[in-house]
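Chemist: Fit chains B and C with the ligands to the supplied structure of chain A, relying on the hints for placement.
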Amino acid sequence: MSAKNFGFSIHKDRQIDYDKNYREFYYRVKAVEPSISLCISCGNCTATCSAGNFTSMNLRNVILLAARGEVNNLGDNVSACLLCGKCQLGCPRGVNTRNVVIAIRKELKIRRKP
Amino acid sequence: MGKDVLIIGGGIAGMEASAYLSAMGYQVTLVEKANELGGHLLRWERLFPTQRHGKEVLSFLHCGIDGKIRVIKNAEPVAAVTRDDLHIVTLSTGEVITANAVLITTGYKTFDASRKEEYGYGIYNNVVTSADLEEMFSSGKEMLTSSGIVPRRVGFIHCVGSRDEKVGNIYCSKVCCVTAVKQAIELKERLPYAEAFCFYMDLRMYGMHFEELYKEAQEKHGVQFIRGRLSEAAENQDHSLLIKVEDTLTGRPLKMKMDLLVLMVGFEPSDGTQKMAELFHLETGSTRFLKMADEHTSTNVSSVQGVFLAGTCSAPRTITSTITDARAAAAKITSYLSQYSIEQREN
Amino acid sequence: MNFDPFIIPFSVGATFLFVWLFGKLFGWIYTLPKRDQKKLQRHVFSFRILRTFGEIVRECLLHFRLFRINALLGYMHASLAAGWFLLIIFGTVESKVQSGKAFNMPYDPIFYRFFNHAPAHTIQLQTLSFLMDTFLLLVLSAVVFAWFKRLRSKWFGMRRTTRQSRVDRVALTALWLVFPLRFLAESATGAIYGNGDFFTGILGRASESDAVFRMIEYPAWWAYSISLCGFFVLLPFSRYMHIPAEIILVTFRRAGIGHLRRFSAFADIEVESCSRCGVCIDTCQLQKDVDIREVLPVYFLRSIRERDTNEKGASKCLVCGKCAQACPVRIDVNNQRIVQREEFNSNKNFQPLHFEKAQYSGGGKIGYYAGCMTHLTPSIKLAMVKILLAAEADFVFLDQEGSLCCGRPMLLAGEFNGAAAIAMRNEKLIKDCGIETLITSCPICLKMFSEEYQLNIPVLHHSQYIEQILEENKITLNLNRSSYTYHDPCELGRGLGIYDAPRSILTKAGKLIEPDLVRKHAPCCGGSIGSVNLTHAEKKAVTTIAIGKYVETHADILVVSCPLCKKTFVGPNKIKVMDIAEIVADRCEK
Ligand code: SF4
Ligand code: SF4
Ligand code: SF4
Ligand code: SF4
Ligand code: SF4
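Chains as they are written, first to last, in the working numbering: chain A, -14 to 99; chain B, 51 to 397; chain C, 8 to 597.
Watch out, some of these pointers could steer you wrong.
[What the hints assert, rightly or not] Cut-off 27 angstroms, straight-line C-alpha distance, at most; resulting in silico cross-link-like pairs (DSS-like, lysine-lysine): (1) B:Lys307 with C:Lys393; (2) A:Lys94 with A:Lys15; (3) C:Lys581 with B:Lys341; (4) C:Lys527 with C:Lys583; (5) C:Lys295 with C:Lys156; (6) B:Lys53 with B:Lys123; (7) A:Lys91 with A:Lys5; (8) C:Lys319 with A:Lys15; (9) C:Lys393 with B:Lys305; (10) C:Lys581 with B:Lys83; (11) B:Lys123 with B:Lys105; (12) C:Lys581 with B:Lys159; (13) B:Lys224 with B:Lys105; (14) B:Lys224 with B:Lys325; (15) C:Lys583 with B:Lys325; (16) C:Lys556 with B:Lys325; (17) C:Lys355 with A:Lys94; (18) B:Lys159 with C:Lys583; (19) C:Lys355 with C:Lys323.
Read the hints as simulated data drawn from the structure, not as lab findings.
Only chain A is shown next, with the shape it has when bound in the complex:
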């Protein structure tokens, strides 16, 4: 990138680089649990989350980041989930939230393998 000064700068790490991001990740998760695509980011799941009482678990955000291919920070989040299913009871779109978490954990694990 040229160092031309446009009078503003966007820190590279802050930017979602949609073209370079690992968006394949989302499609792989979606193949396992298609209902991930139904999420409307209402936040019901996050508000009710059992793990959210004690941790930064935020399923809405996890789904959104996965959809953007921003996978680097998902691990900590999803690893707090207890699979209790409370979120699934409230989700207005019928997203199969527990399996979304399971599928994401699986994908992350596969990805980490050398």
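Modeler: The following block gives chains B and C with the ligands in isolation, referenced to the frame of chain A:
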């Protein structure tokens, strides 16, 4: 001419369609279950987006029909048969009415909020519905919580019973977003020192002047908007409520104490609508509203010949759109009864 | 020594089978954990083994449970198993009596008639010969029934029957051929030498000339031997492995051996014990309502046996246990299921992080634990608080501020390590509260507390507690005219056998109208946390059909005793749904 039209349901759509059809020279009979015409309009004090009084619109509707048509109150159809394009309908009063066309205007009912148990309607005293709040407004009494204090913080919860797979209603009820904004403004007008919050998933301000109303709520009244769906409410010792939502735009769960929680209940087909579907063998869509023959070109036509639809029995609508729809239905019925050649068009 | 080359196929097949079976048995015992080996040893050398024999006779031969399911089905299986068994026993006796020797060749009884042409001359031999014909007739009737079942499965109480695999079909053909061929061979010999009894003599009596019989006799004996060989060789690879496996299963089970948290010898024996009778098929709502057949134990267990576990079968299942309660072999399908889920779990060492912050409030003798789901049905927890207050109980609401999950949802998903970690933490939290009795509103938690926790205090479902305080007159109910119908939640009913407490309360509160299917036959509400990836639409279909039966009772209220069932049944909006605690709280008087 001299043909008979039976209109079932004396709400906004029924009244306006009656007015037009009788003006066009048909013999109109309007059947209403209650002992007063007006339907839901009777319960709405002020109407969005102009804050005019519901009563004004009601008297406008009355002007169109009073003395011009036959109104049968406290009655509903109990049986219906079709013979040679004639609909023979028996009423609960025992009277039998024969009509060349039937218009269903049985409308909607509001969602039973106690089905969203986690919101606490019917469990906690300070959880009310938008309809309850409207009644509080129109009663003219001082606004108080169940513990007798003036509410300092009021939350409006959007999409209760709408856009929710878990209660089987996937559709948007269309009017509740703007109603929430309207009610928040009214609340602020009455209680300038109270805080008002709207909790929404999406703000659907699609109508003319709706966005202006939204802007006014922000600008003049300081209504605050938080994007997040309520997950659960609990009651505190002092009967105030503790709500849990995610403030999705900051990305963090949020707890908040509320003195009053208003649930913006959505539309469901009314019991009368469901009954008419059975009686006249009308098809219903996946939403359980009566099915229109075509979503674009035959919105007033039902799946049965000679039976027409108007108003909220076929979809959630605003008052404006209900009135427009009633007139459209009148035109459609006229065209059907007069056998205009445009009736030959394919959908 | 009697000998003819046609005994060779039989002998080869039988030898192969024996070697195979002993190898298997040895393998199973060898891989048992030490503790279980000891249990087995102690069991086999104790008097309890007699009762085990009893069960083997009852279930493996006479098929009592199948009789209870459907008399025709029971008859078919029992006459085949018991008939064949008796043929072997009495055949052995017959050949020994005839030869007068304690030892003869193992194939002698099988081909007895071929080697012994003399008509039975003593009364013992005549009786034996008569019995042998009776048993053969019995077995052949079973084969006829089996044919008939293919055409009219409904008569056997089955709407759908098993779709057989290829090996099964070949083995089945071999089995179906064995007895008609034996009949043919014995009849031919009987016709030639005039030694057939009332049944095997029929052909001989019907025809004058021997010529035909002389022609078919020898080939028939060959065919008989070959079909036996075919059956024996295929047995270990077909569903007929269930015959020996079930005997071992009964013994192991009686010795107190059960599932481990991995695919163990016991699980393997269970898998091999499935007779693919198909009784489970009609019980499963996923099969009936949304046409998902992979979950059916008959196919799912087969996929495990073929070491190619069907992933959909493992994950979609509601783990409702309806199939398991119907299974005549008593296969613990629920545990099979979650063990297989564990196999699919990509993250075996996974442990959920950071839940140390969870805290419960103590300070009371009775601890009330609502459970996560109950926080979404506040009427239930408020009702319980009201009841506990009315009963003047010294209680504390443990998880008023939110619960740590009990761990069962994770266990059901096959994440054993994670579940254990949560359970350990939650157990400690509960113990630290110093309560003496634990009451919970959630059957899922209850199941977990009773089976996986070591709390060492009584753990009750709220319906049990309410029943108890009603009996002790700590509260009374004013009867009203409402009518109720009751839904047995899977985890509370089939899972824990708690059927009576809610019913006894309801009969005190009003009129109880039971639907068609109750107690262990009750449907699953469809909302089960047991399923990993059933879609919302599929669940909804199951729920809508399940609720229909309750609506049909025309009761005023559908009563449940599980927050999850309540939330699920509220969805279709067909009937008013309330938890049993709410019913009691509404009507309770001090
Ligand atoms: S299943 Fe996981 S994400 Fe959902 S509420 Fe429970 S802990 Fe939170
Ligand atoms: S509750 Fe459902 S729709 Fe809402 S954010 Fe969570 S997953 Fe998405
Ligand atoms: S109009 Fe607004 S509040 Fe009503 S259902 Fe639609 S989005 Fe929800
Ligand atoms: S699981 Fe049980 S009921 Fe089902 S086929 Fe096997 S033996 Fe029969
Ligand atoms: S546990 Fe229930 S859902 Fe699963 S296979 Fe058995 S009957 Fe079907």
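Chemist: Against each hint, give a clear statement of whether it holds in the structure.
Modeler: Hints, verified against the model:
Among the hinted pairs, lysine 307 of chain B with lysine 393 of chain C is consistent with the structure: their alpha-carbon atoms are about 24 angstroms apart, no more than 27 angstroms. Between lysine 94 of chain A and lysine 15 of chain A the CA atoms are separated by roughly 16 angstroms; this keeps the pair inside 27 angstroms, and the hint holds. The suggested pairing of lysine 581 of chain C with lysine 341 of chain B holds, with an alpha-carbon distance near 21 angstroms, which does not exceed 27 angstroms. The straight-line distance between the Cα atoms of lysine 527 of chain C and lysine 583 of chain C is roughly 23 angstroms, inside the 27 angstroms bound, and the hint therefore holds.
The hinted pair formed by lysine 295 of chain C and lysine 156 of chain C meets the criterion: a straight-line CA distance of about 21 angstroms does not exceed 27 angstroms. Of the supplied pair hints, the one linking lysine 53 of chain B and lysine 123 of chain B holds, its CA atoms being roughly 22 angstroms apart against a limit of 27 angstroms. Pair hint lysine 91 of chain A plus lysine 5 of chain A holds up; C-alpha atoms about 22 angstroms apart against a cutoff of 27 angstroms. For the suggested pair lysine 319 of chain C and lysine 15 of chain A, the alpha carbons sit about 16 angstroms apart, so the restraint of at most 27 angstroms is met.
Between lysine 393 of chain C and lysine 305 of chain B the CA atoms are separated by roughly 26 angstroms; this keeps the pair inside 27 angstroms, and the hint holds. Annotation: proposed proximity of lysine 581 of chain C to lysine 83 of chain B holds, straight-line Cα distance about 23 angstroms (limit 27 angstroms). As the CA atoms of lysine 123 of chain B and lysine 105 of chain B are separated by approximately 20 angstroms, the hinted pair is consistent with the 27 angstroms bound. This hinted pair checks out: lysine 581 of chain C and lysine 159 of chain B have alpha carbons roughly 16 angstroms apart, not beyond 27 angstroms.
Only pairs whose Cα atoms come within 27 angstroms are accepted, and lysine 224 of chain B paired with lysine 105 of chain B is accepted, the gap being roughly 22 angstroms. Pair hint lysine 224 of chain B plus lysine 325 of chain B holds up; C-alpha atoms about 24 angstroms apart against a cutoff of 27 angstroms. Proposed proximity of lysine 583 of chain C and lysine 325 of chain B is supported: the alpha carbons are some 19 angstroms apart, at most 27 angstroms. Taken as a hint, the lysine 556 of chain C and lysine 325 of chain B pair is honoured in the structure, with Cα atoms around 22 angstroms apart against an allowance of 27 angstroms.
With a C-alpha separation of about 11 angstroms, the suggested pairing of lysine 355 of chain C with lysine 94 of chain A holds against the 27 angstroms cut-off. With a C-alpha separation of about 18 angstroms, the suggested pairing of lysine 159 of chain B with lysine 583 of chain C holds against the 27 angstroms cut-off. Distance restraint check for lysine 355 of chain C and lysine 323 of chain C: the Cα-Cα separation of roughly 20 angstroms lies within the 27 angstroms cut-off, and the hinted pair is therefore satisfied.
Of the numbered hints stated above, none is contradicted by the structure.
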